[in-house]
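Peer 1: Protein chains in written order, with my numbering: chain A, 1 to 322; chain B, 1 to 203.
Wrong hints could be hidden among the right ones.
[Claimed, not checked] 25 Å max Cα-Cα, derived BS3-like pairs, lysine-lysine:
| hint | chain 1 | residue 1 | chain 2 | residue 2 |
| --- | --- | --- | --- | --- |
| 1 | A | K318 | A | K297 |
| 2 | B | K91 | B | K39 |
| 3 | B | K91 | A | K136 |
| 4 | A | K297 | B | K176 |
| 5 | A | K136 | B | K176 |
Keep in mind the hints are simulated off the structure, nothing from the lab.
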Amino acid sequence: MNDVLDVALRLLVVLAVFLVLPLVVGQTEHKVMAHMQGRLGPMYAGGFHGWAQLIADGVKFAQKEDVVPANADRRIFQLAPAVALIPYLIVIVAIPIGPGEGAVGTVVDAGIFFVLAVMGAGVLGSLMAGWASANKFSLLGGLRTAAQLLSYELPMLLAAASVAMAAGTVSLVGILDAFEWWWLPWQIIGAFVFFVAGLAELQRPPFDMPIADSEIIFGAYTEYTGLRFALFLLAEYAGIVILCGLTTVLFLGGWHGPWGADGLGWVWTLLKTAVLAFVIIWLRVTTPRLREDQLQKLAWTTLVPLALAQIALTGIVKVVIQ
Amino acid sequence: MTLAATAPQGFLSPTGVEIVFLLVGVVTLGAALITVTSKQLVHAALWLVVTLGGVAVEYLLLTAEFIAWMQVLIYVGSVVVLLLFGLMLTKAPIGPSPDADSGNRWAALAVAGGAAAALVWVVVDAFRTQWIDLDTAQGSTGDVGAILFRHWVLPFEALSVLLLAALVGAIVLSRKNGTTNEESRQGSQAREASEGRREEGKS
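If we strip away everything but chain A, and leave its shape as in the complex, we get:
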């Protein structure tokens, strides 16, 4: 009975994290973007600095009519938001936030592959949405999503493989156990490649070509309204949390910190994740969107060679150490 309780409790915590953190990132985005643009952002909902703005948004989305276009492929159109969102919920289970087995939803032996595989499956949601909407803008958005995913999946995997080589394991928990502070400069190229490729996979600016609102309205999500649209937005913010958490775990040492690693490890993880999330928001405000050809060129001529160089470097250092 104790086991069942343990599992239930873990799932409950994971669900809570999944529901709270993306909203926190969303609210931070409202405020950070506003202040960077010389505005105040939401100030009224909930009283203190508009903290309840996203909850109010959620209520608004839930009240809106759920429209399915007449020519759309009904079932796939309705299924797509779930396919986009659920993989991120599953991924959170495997990300360790503190030392020991108590601070991770479940220990997955091939953690890196599990996380990247399930994240990759989430993109199917955008593709389904793009095709099923029966809208040319949506179709273009879906095409761009697919093209982007295909070119950025490779450098992301290579960068992750470099860390796995360094640690001698593909388990996320194992990687954190093996982490030393000098991995930070050693794996810095890989960290850059992983983060950039992850941004592209999430379709965040400057890689938001698939949903470029000034060109193709909102890409694959053009026809969505109400709650289903909100689910896609939630998937985007959940994706930010996952990407930042993963970069933290793989490259920044997760719960390792200058002090307090025993009791306060989870604070370090959350802190590093929050800083990375801030960087993502910062990039959205300050960088223009890449053109589609620039985007492909960046992946194939910059990120892939950099990732391969990082793997070579990792291999050499690893052999020299032994």
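Starting from the known structure of chain A, fit chain B onto it as the hints suggest.
Peer 2: For chain B alone, kept in the frame of chain A given last:
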């Protein structure tokens, strides 16, 4: 990999894992049948996701974790995305495609049946009444790596040469002048696809 050959195992008192394995197998088989019989191209591709995912679950149930995630990463994450990409480029219509029926279906059925029979025969002949001990993980990343690079290095390298050949072939094909390539494809689909390809060329 240690296969525990315990005699008293029988088919009459299945364990929970075995029941789940069979059920998932039935679902996978059903999804595979829908994949090849569906007249809606994109639906077929999405049922393929269910099929491949079902196979991944079967791997998981056999404690081959690494292979299961690889299956998801490569087949669901890349191959199906590539398939959908192609379908979108050729503007797969919503609703049934009239030309989705192939005249070769009986030949295809014969080949598929033959391949399945050969595989089942090989597996049955090789393992007979051996049972895998599922209480200890048999297919962890470490085990797979050790077996692959100790006992199966030659096939592994041969496969990589095969992939290299495919890669070189793809580069050679794509370097040819586009005009001759265009005409060798079939009628209306090529015309529709060329629009998409121009879009891709821009990208």
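Peer 1: Would the pair K91 (chain B) and K136 (chain A) pass a check requiring their Cα atoms to be no farther apart than 25 Å?
Peer 2: Holds: K91 (chain B) and K136 (chain A) sit about 10 Å apart, inside 25 Å.
Peer 1: For the pair supplied as a hint, K136 (chain A) and K176 (chain B), confirm whether the alpha-carbon distance does not exceed 25 Å.
Peer 2: violated (30 Å)
Peer 1: Take a quick look at whether K297 (chain A) and K176 (chain B) sit within 25 Å of each other, Cα to Cα.
Peer 2: Roughly 21 Å between the alpha carbons, so the hint for K297 (chain A) and K176 (chain B) holds.
Peer 1: Below or equal to 25 Å on CA atoms is what counts here, so check K91 (chain B) against K39 (chain B).
Peer 2: holds (15 Å)
Peer 1: Is the hinted pair K318 (chain A) and K297 (chain A) satisfied, with a Cα-Cα distance of at most 25 Å?
Peer 2: Not OK: K318 (chain A) and K297 (chain A) at ~31 Å, beyond 25 Å, violated.
In the structure shown, a violation is registered for the earlier hints numbered 1, 5, in ascending order.
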